[in-house]
Amino acid sequence: MNLGEKMTLKSNLKNILLVIFATLILSACSTAKKTGDIDGDVYTGKETVEYLAAGVPDRVFFATNKSSLTTASRATLRKQATFLRKNKNLNVTIEGHADERGTREYNLALGERRANAARDYLMTYGISGKRISVISYGKEKPVNPKSSPLAWSQNRRSVTVKVN
Amino acid sequence: MKKIIFTFLFYFLFLIKSFALIEVDITRGNLDPLPIAVSPLHVDVKSDNYKDLKVKELGENISEIIEKNFKNTGLFNPLKKDAFVQKPDIAHLKPRFEDWRLIKAQALVTGKLLIKDEKLKVEFRLWDLTAAQEMTALAFTTTPSNWRRVAHIISDKIYERLTGEEGYFDTRIIYVAESGPKSQRIKKLAIMDQDGSNTKYLTLGNELVLTPRFNPTNQMVTYMSYFRNMPRVYLLDIETGTQEVVGNFPGMTFAPRFSPDGTKIIMSFAKDGNSDIYTMDLESRVVERITEHSSIDTSPSFSPDGKFIAFNSDRSGLQQIYVMRSDGSNVKRVTFGKGIYGTPVWSPRGDLIAFTKMHKGRFYIGVMRTDGTGERLLTENYYQEAPSWSPNGRVLVFYRETKAGDKGEGFTAKLWSIDITGYNERKLSTKTDASDPSWSSLLSK
Chain A
1 MNLGEKMTLK
11 SNLKNILLVI
21 FATLILSACS
31 TAKKTGDIDG
41 DVYTGKETVE
51 YLAAGVPDRV
61 FFATNKSSLT
71 TASRATLRKQ
81 ATFLRKNKNL
91 NVTIEGHADE
101 RGTREYNLAL
111 GERRANAARD
121 YLMTYGISGK
131 RISVISYGKE
141 KPVNPKSSPL
151 AWSQNRRSVT
161 VKVN
Chain B
1001 MKKIIFTFLF
1011 YFLFLIKSFA
1021 LIEVDITRGN
1031 LDPLPIAVSP
1041 LHVDVKSDNY
1051 KDLKVKELGE
1061 NISEIIEKNF
1071 KNTGLFNPLK
1081 KDAFVQKPDI
1091 AHLKPRFEDW
1101 RLIKAQALVT
1111 GKLLIKDEKL
1121 KVEFRLWDLT
1131 AAQEMTALAF
1141 TTTPSNWRRV
1151 AHIISDKIYE
1161 RLTGEEGYFD
1171 TRIIYVAESG
1181 PKSQRIKKLA
1191 IMDQDGSNTK
1201 YLTLGNELVL
1211 TPRFNPTNQM
1221 VTYMSYFRNM
1231 PRVYLLDIET
1241 GTQEVVGNFP
1251 GMTFAPRFSP
1261 DGTKIIMSFA
1271 KDGNSDIYTM
1281 DLESRVVERI
1291 TEHSSIDTSP
1301 SFSPDGKFIA
1311 FNSDRSGLQQ
1321 IYVMRSDGSN
1331 VKRVTFGKGI
1341 YGTPVWSPRG
1351 DLIAFTKMHK
1361 GRFYIGVMRT
1371 DGTGERLLTE
1381 NYYQEAPSWS
1391 PNGRVLVFYR
1401 ETKAGDKGEG
1411 FTAKLWSIDI
1421 TGYNERKLST
1431 KTDASDPSWS
1441 SLLSK
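Keeping their order, the protein sequence lines are chains A and B.
If you count the first sequence from 1, position 127 lands on 127 in the numbering used here, and the numbers rise without skipping.
If you count the second sequence from 1, position 126 lands on 1126 in the numbering used here, and the numbers rise without skipping.
In short, the hints are calculated from the structure, not lab data.
Errors might be hidden in some of the hints.
Label pairs and their computed distance ranges (CB to CB) [what the hints assert, rightly or not]:
| hint | chain 1 | residue 1 | chain 2 | residue 2 | range |
| --- | --- | --- | --- | --- | --- |
| 1 | A | 74 | B | 1248 | 33 to 43 angstroms |
| 2 | A | 163 | B | 1327 | 16 to 26 angstroms |
| 3 | A | 47 | B | 1179 | 26 to 36 angstroms |
| 4 | A | 66 | B | 1286 | 47 to 57 angstroms |
| 5 | B | 1315 | A | 74 | 24 to 34 angstroms |
| 6 | B | 1338 | A | 36 | 57 to 67 angstroms |
| 7 | B | 1181 | A | 54 | 29 to 39 angstroms |
| 8 | B | 1360 | A | 124 | 49 to 59 angstroms |
| 9 | A | 124 | B | 1027 | 33 to 43 angstroms |
| 10 | B | 1250 | A | 46 | 33 to 43 angstroms |
| 11 | B | 1197 | A | 125 | 18 to 28 angstroms |
Bear in mind the structure is a predicted one, so any value in this text is a computation, not a measurement.
For glycine and all other residues, C-beta sits at the position ideal for the given N, C-alpha and C.
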């Protein structure tokens, strides 16, 4: 084999790699479009969501390492507040969770902070703090066991659970 | 658990000679492990039977445990027994040095044992084959059921003689045994010998348990449990099985560790979305608040002199490691590298802090000096965290998880260890999946 042939082979290989790379990018785009359920890295879909009553979702989702409430989360919590005002004898526990991509102890603290963010918001809408207890499970109870960005976004959540 | 009765009758047969030629440097990765021959211990024919113990095989079994301990350090290369040329009892009296040198051994361990009147009497000698002299000799007596510990204690003595450092073989590891599907994990406290034998489960798995840690001065353990769905820090006496809640906090307590003198527990208490660090004195029950900050403060770990505390905080925005005086004053951030940092654990030697680092979706276990300089990353993986020090400050044990598929399949959690040189990474054998390891201090100390 002479040098010229070698060069062609090299550039052919390069082209093939480029094609593979481009295909990968395209397929990555298409999956992102298909799920379409993550905004930033906050989950916005309905998979895994349960309902306290018709039209009252039980959970809100968070960005990685964050405990701030998104616009959508605040809308969900206002629905929960309305529901709780109508059902005066009902108490709830808010369970705070984190995804699996963080150290266990920090995630316990983070879950507690997330649950309290939801509790505080319910309280500003007139629900007595006495009716709302919180518990953090950190990363111990994932709702989706997969190791993927979508699963992690579904696991970063606080869930309002009826206790009576 | 039954109290382990262990009495030593140590006596030195000969004075230790300090001019031996062989020594093992453990401060660097050892690419040329020391060839060592561990002769089976000679079993005295006058030995009694003892319960279901296979007395005839005991000498062989003890030498195998010693070999396994040595092999696992990465510093020694135990030689195959089929090349051994001298009978154990004769070698123990005085080896023919040139015969052992012929199989390229540099050190030789010999010994003998006798079981009489329900007592196990063991003696061993360590020989420097190059200098043709004895380095150490030791004899002791114990109850025969402690024969595995005898093997570990002999390993410790030889390791100490050859490296100049305290050993870590007569130790145990407490951890969380995991089973079941990933989204419904069953977790139990488990304890095993450092080499993976004698696994015992300390809880039944009815409630979630996390982060067990040994008291460095005895065999007490602190851990976190969701008993009655109230996440709290507990204290457990592993010899009596008694447990109690630590303190009376109106909310979650977590991330517990003992102070180096074993008299206090340091932990986080979370309330209203804020976690701060507290200590509780186990005798007086006095609770002290150490940090007061609106950020998350957790994973506290005392320096071995008790004067400082390393901890994890996100007061700068993301998780970083901070060091403060033990009264909470003089807080200083020590990690400024790329990525975020968690789980600081102060070395029992006091010179280093081990940590978990997260950067670009990868997880690292590393060590740094206590002011944050001299960071060295020892191992990189998909997920790993929670380093715990061997009592001599030379080895870290931690846990590592694998990626899970759609239904959680392919997920495993295992214990691993690595030397702080960055060499000798090794998976520990556990009966189940495992996480959150904590290494005990030497049992015979």
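Status of each hint after checking the structure:
The hinted range of 33 to 43 angstroms is satisfied by residue 74 (chain A) and residue 1248 (chain B), whose Cβ atoms lie roughly 35 angstroms apart. Checking the proposed 16 to 26 angstroms range against residue 163 (chain A) and residue 1327 (chain B) shows it is violated: the Cβ atoms sit about 40 angstroms from each other. In this structure the supplied range 26 to 36 angstroms holds for residue 47 (chain A) paired with residue 1179 (chain B), their Cβ-Cβ distance being about 27 angstroms. Look at residue 66 (chain A) against residue 1286 (chain B): about 36 angstroms separates their beta carbons, and that is not inside 47 to 57 angstroms.
Taken as a hint, the range 24 to 34 angstroms holds for the pair residue 1315 (chain B) and residue 74 (chain A), whose Cβ atoms sit roughly 26 angstroms apart. Between residue 1338 (chain B) and residue 36 (chain A) the CB atoms are about 32 angstroms apart, so this pair departs from the stated range of 57 to 67 angstroms. As the Cβ distance of residue 1181 (chain B) to residue 54 (chain A) is approximately 31 angstroms, the hint placing it in 29 to 39 angstroms holds. Taken as a hint, the range 49 to 59 angstroms is violated for the pair residue 1360 (chain B) and residue 124 (chain A), whose Cβ atoms sit roughly 38 angstroms apart.
For residue 124 (chain A) paired with residue 1027 (chain B), a C-beta distance near 59 angstroms fails the hint of 33 to 43 angstroms. Between residue 1250 (chain B) and residue 46 (chain A) the beta carbon distance is about 36 angstroms. The supplied range of 33 to 43 angstroms therefore holds. Residue 1197 (chain B) and residue 125 (chain A) have their C-beta atoms about 58 angstroms apart, which leaves the hinted 18 to 28 angstroms range violated.
Going down the numbered hints, you'll see the structure goes against 2, 4, 6, 8, 9 and 11, while the others check out.
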